[in-house]
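In order, the protein sequences belong to chains F and R. Under my numbering, the first residue of the first sequence carries the number 637, and numbering increases by one thereafter. Under my numbering, the first residue of the second sequence carries the number 9, and numbering increases by one thereafter.
Simulated from the structure, these hints should not be mistaken for lab results. Misleading hints may appear alongside valid ones.
[Unchecked claim] Below, computed lysine-lysine pairings styled on BS3-like, alpha-carbon distance capped at 27 Å:
no. : chain 1 : residue 1 : chain 2 : residue 2
1   : F       : 729       : R       : 49
2   : R       : 49        : F       : 684
3   : R       : 49        : F       : 721
4   : R       : 23        : F       : 721
5   : F       : 800       : F       : 729
6   : R       : 23        : F       : 800
7   : F       : 732       : R       : 49
[Claimed, not checked] Distance windows between CB atoms, simulated:
no. : chain 1 : residue 1 : chain 2 : residue 2 : range
8   : F       : 668       : R       : 78        : 23 to 31 Å
9   : R       : 53        : F       : 682       : 29 to 37 Å
10  : F       : 668       : R       : 59        : 39 to 47 Å
All of these numbers come straight from a predicted model, not from anything done at the bench. Note that beta-carbon positions come from the ideal geometry of N, C-alpha and C, so glycine has one too.
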Amino acid sequence: MNDQGADVLIYTCPFGGGAEESHRLLYRAAAQYTGAAECRWTISHGPKGKPHFTQMTDVHFSITHSGAFWMCAFSDRPVGLDLQKHQPCQREKLSKRFFHPWEDAFLNRRGYLNFFELWTAKESYVKYTGQGITEELENFSVVSQTGEFPHLAGVQFRLLPWQKEYALCLCAQEIGAVHLTEL
Amino acid sequence: MLQLIEEIVYQVTGKNGLTYDTDFVQDLALNSFDVMNIIGKFEDHFDTTIPTRDVWHLHQVKDVIDYLAGRGFTQP
Numbered sequence: 637m638n639d640q641g642a643d644v645l646i647y648t649c650p651f652g653g654g655a656e657e658s659h660r661l662l663y664r665a666a667a668q669y670t671g672a673a674e675c676r677w678t679i680s681h682g683p684k685g686k687p688h689f690t691q692m693t694d695v696h697f698s699i700t701h702s703g704a705f706w707m708c709a710f711s712d713r714p715v716g717l718d719l720q721k722h723q724p725c726q727r728e729k730l731s732k733r734f735f736h737p738w739e740d741a742f743l744n745r746r747g748y749l750n751f752f753e754l755w756t757a758k759e760s761y762v763k764y765t766g767q768g769i770t771e772e773l774e775n776f777s778v779v780s781q782t783g784e785f786p787h788l789a790g791v792q793f794r795l796l797p798w799q800k801e802y803a804l805c806l807c808a809q810e811i812g813a814v815h816l817t818e819l
Numbered sequence: 009m010l011q012l013i014e015e016i017v018y019q020v021t022g023k024n025g026l027t028y029d030t031d032f033v034q035d036l037a038l039n040s041f042d043v044m045n046i047i048g049k050f051e052d053h054f055d056t057t058i059p060t061r062d063v064w065h066l067h068q069v070k071d072v073i074d075y076l077a078g079r080g081f082t083q084p
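Given the sequences, and given the hints that come with them, work out the whole structure.
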């Protein structure tokens, strides 16, 4: 346990898709993270569907996948991780429809260039809290009233460098050291 | 309606071969952004607003068809 914040280890690997494959990768990554020979822990789900290991309450994880990659963040504290490949979409329309007015104003000032970074920040937050995207996304903002991004009271965000055409964001109460490694 | 859903999903994600039982997450491995992008396309097509809270209960293609039918959208 690091008093300076949650130390986070992120595993990444190529991903072909499918929940079964993601489940298999999670067990493989969890075994590596904990040093166990193999991982067969039971997975339970929170009220809004956030998965966790039933018996391993000090092992927190957050899975994400997009494009050709799968990732999973592990820590001894709750974390949220989101990866998103830049994809063709109507950025302005989706921003006005789904994002908070402060977020849309922030993106508008920048020609919507930071659209995917902002999306991953929002998604990492709802994964961190476990609330999921069950409520309206425009009800909270990862941009402050003064235009600071990423910003939300009570949590920290870290936009992580990854491959070109991808956005990647981590969220936790406090973030310590972060390492990415191939699974 | 199945054809319309397949067209929109293909436009957004490049994935096809949908059936009534196809699960968007389990079978197509769509993530939250894909789903949001698809919602936007449906809203454009039907000139309506679909509450975000409703969307996350629509797991399979048949759920979407039933949901749209329940809101009076039965014709593409």
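(message) Holds or violated: residue 729 (chain F) and residue 49 (chain R), Cα atoms, limit 27 Å.
(response) 10 Å, holds
(message) Against the range 39 to 47 Å, how does the distance between the Cβ atoms of residue 668 (chain F) and residue 59 (chain R) compare: consistent or not?
(response) Hint holds: Cβ distance 40 Å, inside 39 to 47 Å.
(request) For residue 668 (chain F) and residue 78 (chain R), compare the CB-CB distance with the range 23 to 31 Å and indicate the outcome. (result) For residue 668 (chain F) and residue 78 (chain R) the Cβ distance comes to about 46 Å; the hint is violated.
(request) Could you grab the alpha-carbon distance between residue 732 (chain F) and residue 49 (chain R) and see if it respects the 27 Å cut-off? (result) Cα-Cα ~14 Å, so holds.
(request) With a cut-off of 27 Å on the C-alpha distance, tell me whether residue 23 (chain R) and residue 800 (chain F) pass. (result) Roughly 23 Å between the alpha carbons, so the hint for residue 23 (chain R) and residue 800 (chain F) holds.
(message) Next pair to validate is residue 49 (chain R) with residue 684 (chain F); report whether the Cα-Cα distance is within 27 Å.
(response) Status holds; Cα separation ~26 Å.
(request) Assess, step by step, whether the Cα of residue 49 (chain R) is no farther than 27 Å from the Cα of residue 721 (chain F), and give holds or violated. (result) Judged against 27 Å, a Cα distance of about 19 Å means the pair holds.
(request) Take the C-alpha atoms of residue 23 (chain R) and residue 721 (chain F), compute the straight-line distance between them, and say whether it is at most 27 Å. (result) Holds: residue 23 (chain R) and residue 721 (chain F) sit about 16 Å apart, inside 27 Å.
(message) For the hint 29 to 37 Å, verify it against the beta carbon of residue 53 (chain R) and that of residue 682 (chain F).
(response) 34 Å, holds
(message) Check the hint pairing residue 800 (chain F) with residue 729 (chain F) against an upper bound of 27 Å on the C-alpha distance.
(response) Holds, at about 24 Å.
Of the numbered hints given earlier, the model fails hint 8 alone.
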